[in-house]
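Asks: Take 1 as the starting number for the sequence shown in our numbering and just add one per residue.
Read the hints as simulated data drawn from the structure, not as lab findings. Keep in mind that the hints are not guaranteed to be accurate.
The calculated label-pair distances, taken between Cβ atoms and stated as ranges, are [what the hints assert, rightly or not]:
| id | residue 1 | residue 2 | range |
| --- | --- | --- | --- |
| 1 | W124 | A77 | 27 to 37 angstroms |
| 2 | K118 | G76 | 23 to 33 angstroms |
| 3 | L64 | G123 | 10 to 20 angstroms |
| 4 | A38 | D63 | 19 to 29 angstroms |
| 5 | G123 | E80 | 15 to 25 angstroms |
Listed below are the simulated DSSO-like cross-link pairs for lysine-lysine, each with C-alpha atoms no more than 30 angstroms apart in a straight line [as the list claims (entries may be wrong)]:
| id | residue 1 | residue 2 |
| --- | --- | --- |
| 6 | K72 | K118 |
| 7 | K118 | K128 |
| 8 | K41 | K118 |
| 9 | K45 | K128 |
Each residue gets a CB set at the ideal place from its N, CA and C atoms; glycine is no exception.
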Amino acid sequence: MTSAWRMVVGAFGLVALAIGFLSVVFLTAPAAPGPDLARSKNSAKGLYALSIAPEAGEPRQGDLHAWVVTVKTRQGAPVEGAEIAIGGGMPEHAHGLPTSPEATAYLGDGRYRIEGMKFSMTGWWQLKFGITAPAGADEATFNLVL
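Let the hints inform the model, and build the full structure from the sequences given.
Replies: Here it is, written out as structure tokens:
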């Protein structure tokens with residue numbers, strides 16, 4: 001074998017080794033993290049602690065359902081008389097909610113019923129809550145995967 005052929009064979013060997021190494025790295029690398037699916041969190045400015053829960057079991061695609069949003073102060077006291085605006089959508093599809101959910105009742109202890117929620121398809125959804133109460137205006141975004 002001539003020295004030119006040895007160089008070609010050696011170069012192919014190095015390329016094959018590099019491809020093998022990169023394949024191992026790619027296949028064993030951790031997957032990119034998904035959205036934060038916590039159902040309790042502090043609002044963006046830290047004025048409130050919010051939690052969300054479906055009122056009657058986990059929501060299903062296409063069904064109208066209600067949620068309960070609990071709003072408390074940083075110190076843990078229930079927030080009464082809050083105005084709550086609801087929005088959201090699918091960030092990966094760039095569309096909003098198919099309905100216009102509203103806060104329909106104060107249930108006591110900082111809990112508010114949100115009715116008219118609907119998820120029209122499976123995937124990653126965001127629910128955005130704007131809270132206006134005596135401590136000030138703030139917001140929180142929750143991620144759901146249906």
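Asks: A separate judgement is required for each hint: does it hold in the structure or not?
Replies: Hint by hint, here is what the structure shows:
Our hint of 27 to 37 angstroms for W124 and A77 holds, since their Cβ atoms are close to 33 angstroms apart. The hint said 23 to 33 angstroms for the Cβ distance between K118 and G76, and at roughly 32 angstroms that hint holds. For the pair L64 and G123, the supplied restraint of 10 to 20 angstroms holds, since their beta-carbon distance comes to about 18 angstroms. For the pair A38 and D63, the supplied restraint of 19 to 29 angstroms holds, since their beta-carbon distance comes to about 23 angstroms.
Separation of G123 from E80 is about 35 angstroms and departs from the stated range, judged on CB atoms against 15 to 25 angstroms. For the suggested pair K72 and K118, the alpha carbons sit about 25 angstroms apart, so the restraint of at most 30 angstroms is met. A distance of roughly 14 angstroms separates the Cα atoms of K118 and K128; the hinted pair therefore holds under the 30 angstroms criterion. Of the supplied pair hints, the one linking K41 and K118 holds, its CA atoms being roughly 22 angstroms apart against a limit of 30 angstroms.
Among the hinted pairs, K45 with K128 is consistent with the structure: their alpha-carbon atoms are about 14 angstroms apart, no more than 30 angstroms.
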